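*Asks:* Chain by chain, the residues:
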Amino acid sequence: MARNTATWLQPMTLLLMAITYAAVEVASDPDGIPSAFGLIFGAVAFPVAWVIGRVLTRGVPPSAWVVGRFLTGGVVSSSSCRALPRWVTGVLCLLLIGPVLMEPLLRSWTGQGLPLELQMVYGLRNFGIGLAALAAWPLYLRLSGVVSLFLMLFVAAMGDQKPIPWFLAAYAVVGSLWLMLAHTQRFGQVEPTTAATTRIARLMEQTRLWVPWRELALVMGLLVATVVVWWLGPRQTVLTLWELVPTSGGTGATDVYARQGVGDGPEEVAGDNARAAGMVETDKLIEDNKNALIDLVNDMYGPPHRPPNEQERMVAGGRADIIAFHGRLPENRRPSRHFDTSRRGPPPKRKLESLHARALFEVEGRTPLHIRQMVFERYDAGQRRWVEASRPTVKSIEPIGGDWMQIRTIETTQPWYCENERHRFKLAEPDNNLIPTPPLLQRFRIHRVDRADYYCWAYDGVLAFVGRQRLPPGIVIHTDCRTVDPARLPEHAYWRQLPMEAEALTALREVPDPWRTDLERLAYSWVGEESPGWPQITAILDRLRNEYTLDPSATPPAEHPAPVLWFLQESRRGPDYLFATAAALLLRSLGYATRVCLGYYADPDAYDRHTGHTPVRAADLHTWSEVMLRDGQWLVVEPTPGYEVLAPRLPWTERVYALLRAGFRWAADHPVLLTVLVGVGITAVLLRRRLIDSLLVLHWQLMPAASWQRMVLRCLRLMERRCRWCGHARAPSQTLTRWLGSLREVTPEDGPRLSLFICIAEQAAYAPHLPAPLPLPQLRTLCRQTLHAWSWSRLRRRIPERNPL
Amino acid sequence: MNAISTSAGVGETSPPAEKAVVQRLRHVLNNALRGKPQVIEYVLACLLARGHILLEDKPGLGKTTLAKALATAVGGRFARIQCTPDLLPGDITGFNIFNQKTREFEFQPGPVFADVLLVDEINRTTPRTQSALLEAMAERQVTVDNVRYPLSETFFVMATQNPIEHHGTYPLPEAQLDRFAMKLSIGYPDRQSERDLLASAIGTCNCSPEVAEQVLQREQLHRLQEQVAHIHVAPSVQDYLIDLAERTRNHPRISLGLSPRGLLIWQRVAQAWALLQHRTFVTPDDVQAVAQPVLLVRLIIDSDPPAVLQEIISTVPVPIHSS
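Protein chains in written order, with numbering that gives the first Met the number 0: chain A, 0 to 804; chain B, 0 to 322.
Hints were generated in silico from the structure; no laboratory data involved. All figures in this text were calculated on a predicted structure; none of them were measured in a lab. Heads up, a few of these hints could be off.
Covered by chain B, per the in silico footprint, the following chain A stretches (three or more residues, Cβ under 8 Å) [said to hold, decoys possible]:
(1) 136-148
(2) 762-774
Label pairs and their computed distance ranges (CB to CB) [said to hold, decoys possible]:
(3) A:P10 - B:Q140: 53 to 63 Å
(4) A:L93 - B:R222: 47 to 57 Å
(5) B:L263 - A:A728: 27 to 37 Å
(6) B:T314 - A:L93: 29 to 39 Å
(7) A:P10 - B:T314: 19 to 29 Å
(8) A:G726 - B:G167: 31 to 41 Å
(9) A:W212 - B:T142: 52 to 62 Å
(10) A:A728 - B:Q191: 33 to 43 Å
(11) A:L694 - B:Q191: 47 to 57 Å
(12) A:A728 - B:S199: 25 to 35 Å
(13) B:A174 - A:G726: 40 to 50 Å
(14) A:S693 - B:Q216: 43 to 53 Å
(15) B:A174 - A:L93: 48 to 58 Å
(16) B:D195 - A:S693: 32 to 42 Å
Far from chain B by the CB rule (all over 12 Å, computed), these chain A residues [claimed, not checked]:
(17) P33
(18) L94
(19) P555
(20) E719
(21) L735
(22) G740
All C-beta atoms in this analysis are idealised placements derived from N, C-alpha and C, irrespective of residue type, glycine included.
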């Protein structure tokens with residue numbers, strides 16, 4: 000049984016660490032879904048750890064524990080086992096600090112990174128896997144238990160996902176078994192002999208006191224307490240455990256690298272002694288005479304504010320917390336971290352400088368993003384211009400609480416809609432009352448504006464503020480939009496060829512008659528045999544993006560009757576509005592309802608990593624097309640090269656599938672290269688051992704050893720590895736003489752050289768204090784000749800299977 | 000062949016004079032006991048390791064011949080004790096006898112003061128007498144009437160036992176067996192050796208083979224024995240010895256494992272074996288080569304001792320790359 004205990008202990012340790020690993024992965028993700036990288040890493044790391052553990056412990060006798068030591072009560076140390084190689088310590092350290100070392104590279108290459116606490120947790124996780132691989136050594140066995148326990152405490156404190164309690168329960172069960180096995184292992188793996196039975200029996204009675212009841216009770220108590228507090232107690236109690244873990248400060252809502260610090264970190268907050276007006280949402284209102292959104296109302300109907308020259312509609316502030324300030328107030332029109340009206344407040348004498356806006360507004364959230372400002376539906380061929388769309392009559396804005404406004408509901412059951420995308424728009428110096436409206440808007444929010452009658456539709460899909468000429472500066476607008484995967488859109492999702500069409504929709508499918516023939520011919524030639532729906536739309540867009548050049552200076556001649564045809568057939572280059580116009584008209588000629596929008600394009604390349612925002616400037620003005628869907632939503636289609644549409648945040652399965660699809664596509668486009676790569680790969684796999692052997696021999700030749708002994712022993716290792724890979728491994732109990740001597744019997748002509756090598760190898764291994772038996776160059780030549788004489792092919796060819804080494 | 004491959008002597012680090020002495024000694028003993036080179040090697044190793052041998056074998060296989068040849072070869076005095084149940088300790092160690100002329104007690108040394116002592120059928124004498132001899136073997140001195148008398152520096156005992164007859168015997172206890180360095184069995188010679196033996200007996204009145212010649216002085220032997228003690232044993236080889244010892248202590252079929260004294264003896268015999276191979280360092284081959292005779296005398300193995308020892312040797316890993 001003792002022998003079986005040791006056999007089970009390492010797999011049990013790996014299982015314990017695997018449960019911990021899975022729990023950490025679940026707790027690290029807000030949605031409780033492990034990342035693809037995490038799954039792949041785990042799938043690779045644990046088998047590798049298992050193999051490495053077996054390799055390092057190979058040769059350790061199963062019964063390496065001494066009965067005598069045990070009976071005398073001495074600590075059973077690993078000194079009776081084979082010593083660990085020195086490089087193990089370095090590898091463990093690397094595993095521990097690896098995530099911290101990789102973080103700068105990760106942020107630089109991918110623009111994404113991990114908060115500090117996750118870096119620490121992942122480092123501990125990797126460290127724990129390394130320790131679990133070395134579970135055959137008692138010290139590492141116990142360390143792995145401690146590390147896994149700490150990680151589970153972290154999971155219990157941080158994670159509130161549904162699977163967490165299950166992981167805790169599984170850990171408790173497996174951990175208990177692990178503790179029992181670890182304790183049993185201390186008894187050694189000895190079948191007691193007759194002479195020692197009495198003493199062992201006596202000692203067994205004493206070992207009842209050796210059961211680690213306290214530690215076991217402590218572990219179980221901690222886990223149970225954590226689960227109970229999480230289940231029943233207030234959140235704050237659980238969060239106190241969080242104080243044990245260093246955090247990166249800040250909130251994840253504003254900075255993806257910051258998590259649950261003590262209060263907010265980099266985000267601008269309203270302090271009690273705010274001395275500047277920033278782009279913040281606050282209940283601290285600074286009294287001034289600037290263009291404001293909130294009107295201070297005196298409860299006793301006292302003297303009104305000095306009204307501004309322009310009477311803009313405002314929101315009633317009620318009993319607001321007013322900060323009186325009658326001086327010139329510095330303004331901050333820059334987002335986030337640069338200016339912080341912090342809790343402590345600046346020193347009184349500090350003079351604050353205004354920070355002027357660098358953009359029209361700042362976008363926080365994923366980009367690229369198309370932000371509508373104007374919509375055009377009908378194209379006037381005579382005037383060669385788009386006509387603004389009319390204001391929609393139907394108003395579908397409903398307050399849903401918390402200052403949120405719900406737009407018409409998008410059918411969430413449709414399979415082509417993906418999860419919502421949230422953005423924040425921080426307006427610096429707006430000069431109109433249009434609210435930046437991204438596509439597929441589902442709901443939005445402006446702080447303290449909780450009535451739907453403050454809003455209206457300037458166009459279908461473009462919001463505006465009622466009763467104001469301009470939005471106040473520094474206003475922050477939250478938006479939640481759906482995202483769509485166009486590839487999932489079926490043909491019937493598009494508004495095409497309906498028998499009964501509203502008059503409004505007619506304009507959306509109108510193609511100027513003089514150009515209809517040319518546009519239809521061109522469109523149908525481009526789409527070819529593509530099926531209706533997204534494939535046809537993609538064909539049009541791809542053609543425009545790939546074969547036409549964006550050139551803002553390439554404007555059509557003033558006298559040309561058909562600028563679009565000039566663009567499509569003659570110049571093949573032009574500004575973005577020609578791309579948009581061409582796409583819209585081509586799609587209309589295929590029967591799709593389209594329109595053209597003017598607005599701003601939040602470019603991902605303009606993302607400011609320091610502030611975490613994407614500035615949108617006047618130069619980002621852009622024109623694009625949109626296709627109408629059956630449910631009344633507008634799908635952004637981007638025909639201009641260099642501009643992209645925000646793709647939905649796909650689940651990892653979809654991303655993997657998309658990756659595989661892209662891979663297959665690449666393979667289909669590069670068959671020759673793929674064949675060559677596959678051939679090379681298969682050859683490398685089949686000949687991997689020979690390749691590795693050749694590389695190792697080359698390394699031995701090129702890298703001189705520190706001494707002649709090391710040179711000879713390295714050569715010996717090469718020989719040993721080569722024999723093992725040829726299927727003639729040296730038995731662990733086989734001496735050098737017997738092992739190499741058997742090779743000598745097979746090839747007598749190499750006998751003298753091999754005999755000499757054996758003598759020298761023995762001297763190198765067992766008498767390193769003696770001087771080199773031959774001059775170094777001769778020694779090296781001897782080793783090289785031995786390696787050459789016993790090459791891969793010779794070993795395979797000359798040594799028959801029945802000849803045991 | 001190039002110069003490298005023809006470099007003979009690489010790896011052999013013993014001085015040539017020593018090699019020649021050992022070779023001559025080997026030759027002389029092989030002449031005395033034909034057809035048993037392995038036994039001769041073990042005997043030489045035991046001699047150089049300052050150990051003692053227990054020969055368990057049938058009568059007439061050459062034990063006395065070997066002992067005599069060995070004594071002559073090393074220039075020492077040979078003595079023989081035939082153990083019987085009435086043998087007294089004084090018959091081995093010697094005793095004080097009153098000299099009428101000088102009117103003083105004079106010590107008459109016993110056969111234990113020889114250089115090479117053959118003790119026949121040691122298991123036939125009483126435990127008391129056995130103890131006296133074994134004490135002399137361990138301490139290399141005898142105490143008679145409170146006076147200590149040191150034995151020869153090259154004192155060497157070859158004790159014999161008959162493996163067949165057990166009636167009226169006093170088997171040596173394990174603690175006493177541990178004082179022997181190794182246990183050997185000569186066995187019958189092969190056919191060719193017996194033919195040579197018969198041929199050599201023709202023309203001589205004495206059926207016993209001719210007495211060997213002296214090869215080296217006792218002082219030379221003592222120097223060789225000191226040299227053995229300085230043979231290098233690498234830490235990896237020592238670990239290997241300890242691993243083997245631990246294996247014997249934990250083996251289910253071994254009732255009594257190897258003691259630390261046995262471990263020391265094993266190391267010393269391995270050193271002697273390395274010297275016989277003309278090396279100044281011990282290899283695992285030396286350890287394995289002397290394992291059987293060294294372990295068989297001191298381990299209590301339930302059944303099939305050679306197989307058990309072979310299993311131990313074949314399961315304990317050998318260090319190839321020194322630490």
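*Asks:* Next, verify each hint and record whether it holds.
*Replies:* Now for the hints, and whether the structure bears them out:
1. 136-148: Check failed, 0 qualifying residues.
2. 762-774: holds (count 10)
3. A:P10 - B:Q140: 53 to 63 Å: holds, 60 Å
4. A:L93 - B:R222: 47 to 57 Å: holds, 56 Å
5. B:L263 - A:A728: 27 to 37 Å: holds, 34 Å
6. B:T314 - A:L93: 29 to 39 Å: holds, 35 Å
7. A:P10 - B:T314: 19 to 29 Å: Since the Cβ atoms of A:P10 and B:T314 sit about 23 Å apart, the hinted range of 19 to 29 Å holds.
8. A:G726 - B:G167: 31 to 41 Å: At 58 Å between Cβs, range violated.
9. A:W212 - B:T142: 52 to 62 Å: holds, 59 Å
10. A:A728 - B:Q191: 33 to 43 Å: With a Cβ separation near 39 Å, A:A728 and B:Q191 satisfy 33 to 43 Å, so the hint holds.
11. A:L694 - B:Q191: 47 to 57 Å: holds, 54 Å
12. A:A728 - B:S199: 25 to 35 Å: violated, 49 Å
13. B:A174 - A:G726: 40 to 50 Å: holds, 49 Å
14. A:S693 - B:Q216: 43 to 53 Å: violated, 59 Å
15. B:A174 - A:L93: 48 to 58 Å: 55 Å Cβ-Cβ, so the 48 to 58 Å window holds.
16. B:D195 - A:S693: 32 to 42 Å: Between B:D195 and A:S693, where Cβ atoms are some 56 Å apart, the hint is violated.
17. P33: holds, 41 Å
18. L94: holds, 25 Å
19. P555: holds, 81 Å
20. E719: For A:E719, whose nearest Cβ neighbour in chain B is about 7 Å away, the distance does not exceed 12 Å, so it is violated.
21. L735: violated, 6 Å
22. G740: At roughly 10 Å from the nearest Cβ of chain B, A:G740 sits no farther out than 12 Å, so the non-interface label is violated.
Violated hints for the displayed structure, listed by number in ascending order: 1, 8, 12, 14, 16, 20, 21, 22.
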